[in-house]
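2 protein chains.
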Amino acid sequence: MEYQKRLMKTKQRMAADGIDVLLVTDPANMNYLSGYDAWSFYVHQLLIVMIDEEQPYWIGRGLDANAARHTSWLDEDHILPYADHYVQSTIRHPMDFVSDFLKERKRDKQVIAMELDAYYFTAKSYLKLANNLLDSKFKDGTNLVNWIRIIKSDQEIAYIKKAAQISEKAMGVAYEALNEGVRESDVVAEISHAQISGTEEFGGDYPSIVPLIPTGEKTSACHLTWTDDVFKAGDPVIIELSGCYQRYHSPLARTAVVGSPSEEMRHLGDVVVEGVNSALDVVKPGITCEEVELAWRNSIERNGIKKESRIGYSVGLNYPPDWGEHTASLRPGDRTVLEPNMTFHMIPTIDIGHAGMEISESFRVTETGFEKLNNFPQELYVKPNIRLA
Amino acid sequence: MEYQKRLMKTKQRMAADGIDVLLVTDPANMNYLSGYDAWSFYVHQLLIVMIDEEQPYWIGRGLDANAARHTSWLDEDHILPYADHYVQSTIRHPMDFVSDFLKERKRDKQVIAMELDAYYFTAKSYLKLANNLLDSKFKDGTNLVNWIRIIKSDQEIAYIKKAAQISEKAMGVAYEALNEGVRESDVVAEISHAQISGTEEFGGDYPSIVPLIPTGEKTSACHLTWTDDVFKAGDPVIIELSGCYQRYHSPLARTAVVGSPSEEMRHLGDVVVEGVNSALDVVKPGITCEEVELAWRNSIERNGIKKESRIGYSVGLNYPPDWGEHTASLRPGDRTVLEPNMTFHMIPTIDIGHAGMEISESFRVTETGFEKLNNFPQELYVKPNIRLA
Chain A
1 MEYQKRLMKT KQRMAADGID VLLVTDPANM NYLSGYDAWS FYVHQLLIVM
51 IDEEQPYWIG RGLDANAARH TSWLDEDHIL PYADHYVQST IRHPMDFVSD
101 FLKERKRDKQ VIAMELDAYY FTAKSYLKLA NNLLDSKFKD GTNLVNWIRI
151 IKSDQEIAYI KKAAQISEKA MGVAYEALNE GVRESDVVAE ISHAQISGTE
201 EFGGDYPSIV PLIPTGEKTS ACHLTWTDDV FKAGDPVIIE LSGCYQRYHS
251 PLARTAVVGS PSEEMRHLGD VVVEGVNSAL DVVKPGITCE EVELAWRNSI
301 ERNGIKKESR IGYSVGLNYP PDWGEHTASL RPGDRTVLEP NMTFHMIPTI
351 DIGHAGMEIS ESFRVTETGF EKLNNFPQEL YVKPNIRLA
Chain B
1 MEYQKRLMKT KQRMAADGID VLLVTDPANM NYLSGYDAWS FYVHQLLIVM
51 IDEEQPYWIG RGLDANAARH TSWLDEDHIL PYADHYVQST IRHPMDFVSD
101 FLKERKRDKQ VIAMELDAYY FTAKSYLKLA NNLLDSKFKD GTNLVNWIRI
151 IKSDQEIAYI KKAAQISEKA MGVAYEALNE GVRESDVVAE ISHAQISGTE
201 EFGGDYPSIV PLIPTGEKTS ACHLTWTDDV FKAGDPVIIE LSGCYQRYHS
251 PLARTAVVGS PSEEMRHLGD VVVEGVNSAL DVVKPGITCE EVELAWRNSI
301 ERNGIKKESR IGYSVGLNYP PDWGEHTASL RPGDRTVLEP NMTFHMIPTI
351 DIGHAGMEIS ESFRVTETGF EKLNNFPQEL YVKPNIRLA
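Chains as they are written, first to last, in the UniProt record's numbering: chain A, 1 to 389; chain B, 1 to 389.
Next comes chain A alone, as it looks inside the complex (with noise of 0.2 Å):
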């Protein structure tokens, strides 16, 4: 039935947008329609909606059709394995398979529609159906999925929920490895037992980000992986982390002080926090995401800093590398208007050069405002330091 609803906003939109055929190669978007789930996304692979058919099919390496039989819905006829010849080859594509069939269905001459800006739909993909399909109208289908998944069921709700209570655990692990002297990988090694084995009623998900803990300087530079240095005392380091549950995400970052954070690291906490519950508190249905931009930004103004840019974007679903959905952000210029069940990570920056803040908050737009996902203090942490002690 969940599949069922999903594939029928989906169809629903392609008819909006005179799409006959979709392509679907986003990860995300193939689990949200069929169920599949695989570490396979590293070879071409696909789903392809059928405007008038019922079920998708699932296209990918004869290697990983067990894997669409064992978790997708589909049915034996619409799982569609290439041969391994076609694997890294630089003679043979995988979309000639995908163009074949589409030819032999007489789908050829419809309109197709491809996600042209996904991840892992390549141009050679996009220049090998081009090449293949003459007769073709090929339109763009870029988040056209993601766009539905923004308002989740209840289910997904469920998931996240689970995710969030993986996310506190895997926040609260890193507090308690973060001492003065210890190597930034042996918190991340902590970190992400945390999230794999999650709690006793369910085991996690591999997040589509690893773990991020930028230290000292490193802060202004929030992408950076860890390295082998070690926590020293008075440094900041952000933490940003995500549970997963089922795929589903709900990201937490904080920032913490080993021993005692300087005036201004302590200035800034403040100063994110209140930004950060003044975005929140306009949050409820039919204000817009740049709306929720500007009350943080007033509050920031407020306190002496200007800065403009994002500082959120829809989650849930995702695979690496991203858990973000790529359709509304909170940000100037953005009128997505809220809805109930949309779900968002709130993660404003704020980087001095030498060093960055960052305490943020996943939340679900509720039918009268919002609810935090995470249950979790929202301050600079200061980790005693036992060196010290």
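Just so you know, these hints were derived from the structure itself, not from any lab.
Incorrect hints may appear among the rest.
Stated by the list, open to error - Derived DEER-like restraints, expressed as beta-carbon distance ranges:
hint, chain 1, residue 1, chain 2, residue 2, range
1, A, Glu-379, B, Lys-106, 50 to 58 Å
2, B, Glu-371, A, Glu-201, 43 to 51 Å
3, B, Lys-9, A, Ile-386, 43 to 51 Å
4, A, Pro-340, B, Asp-228, 25 to 33 Å
Stated by the list, open to error - Residues of chain B placed beyond 10 Å of chain A at every Cβ, according to the derived structure:
hint, residue
5, Glu-2
6, Met-8
7, Ser-136
8, Asp-281
The beta-carbon is built from N, C-alpha and C at its ideal position, and this holds for glycine as well.
Given chain A, work out where chain B should sit, using these hints.
This is chain B only, laid out in the frame that chain A set:
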């Protein structure tokens, strides 16, 4: 020096192919040429190599410019951040910024190559460039840098050997954790902890593929990730993992059974071990990739199993979603000639429908033969069932 050599080889290939400007979007190739290393490949980013300029240019999101300063050898003039309003926007695309830059540098009438089939170089990126650069001649630069990467320097081999130490440790931890009644997620949590904490001397990086541990019937679907199912006595489990050091990998796969394996599994284990060693035995400079596969195939056919497919691939520096380098494959038709310091993951899979078997070896081609990279018992592992103890 190392980087200058790599760049020189890249320019030699560009010259041979008549390429003036190469757009490098594969994160592994970006790292290989510039040292750039961050989890930022979820937004558009690239390195531009001009055949007649000393340094490449890094173009990426403003937020990531500091990561480029921290990790690459490029000077400030060669780090070109684009503004945040290009990120996941429907009205602006980062390739517009790239096109403007190329025009400004009068490169738009030259021959420009892109990695058309690389992860993260989307169809939209191509179409934007094609639309903006009407006077350029485009060429396919897919795997141009990858083919340079295929022969490793001594430093790279040293990194791979560190990764191998982590692989051995992680597999040992997996064997330890595996027991009847234990959740798959809990075993993976232990593996992941071992992968990242590494050794006392050096920590580990995130591997480009998560640990894969399909069990029971799911062993015939080798890219399934873990669940909360518990291991059952007698069920085969395939464990495929890699340590990672400075983004270099040395993958390792083993098959294990808790309790007593079936006669069939024992036999398959013997067949695979014999096949792998038969294939390794022919490895030396001058031999082709397909000859290595043939040795495997002849061996298993002597044991009554027929199977013709890829049994391995060049491996080394990489980012999610793959640790394979997309160049040479050990398979029929691949006539790549082995040379010293090529490194491969040989991972033949036997899948008999209701079960699968994998026992792999990563190896380096030496001056006279081969060197196994992982020092780990090569057998079907039988874990004593503690429940029965």
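Query raised in the report: Taking the CB of Pro-340 (chain A) and the CB of Asp-228 (chain B), does the distance hold inside 25 to 33 Å?
Result: This hint holds: roughly 30 Å between Cβ atoms.
**Report entry** Status of Met-8 (chain B), Cβ more than 10 Å from any chain A Cβ
**Finding:** 25 Å, holds
Requested in this report: Determine whether the non-interface label on Ser-136 (chain B) survives the test: each CB of chain A must be over 10 Å from its CB.
Outcome: 14 Å, holds
Query - Closest CB of chain A to the CB of Glu-2 (chain B) still more than 10 Å away - result: Check passes; 19 Å lies beyond 10 Å.
Report task. Go ahead and decide if the range 50 to 58 Å is satisfied by the Cβ distance of Glu-379 (chain A) to Lys-106 (chain B). Result -> Once the Cβ atoms are compared, 53 Å apart, the range 50 to 58 Å for Lys-106 (chain B) and Glu-379 (chain A) holds.
Report task. May I ask you to test the hint 43 to 51 Å on the CB atoms belonging to Glu-371 (chain B) and Glu-201 (chain A)? Result -> Since Glu-371 (chain B) and Glu-201 (chain A) have Cβ atoms about 46 Å apart, the given range 43 to 51 Å holds.
Query raised in the report: Checking the smallest CB distance to chain A, is Asp-281 (chain B) really beyond 10 Å?
Result: Check passes; 24 Å lies beyond 10 Å.
Requested in this report: Go ahead and decide if the range 43 to 51 Å is satisfied by the Cβ distance of Lys-9 (chain B) to Ile-386 (chain A).
Outcome: Between Lys-9 (chain B) and Ile-386 (chain A), where Cβ atoms are some 49 Å apart, the hint holds.
Of the numbered hints given earlier, the model fails none.
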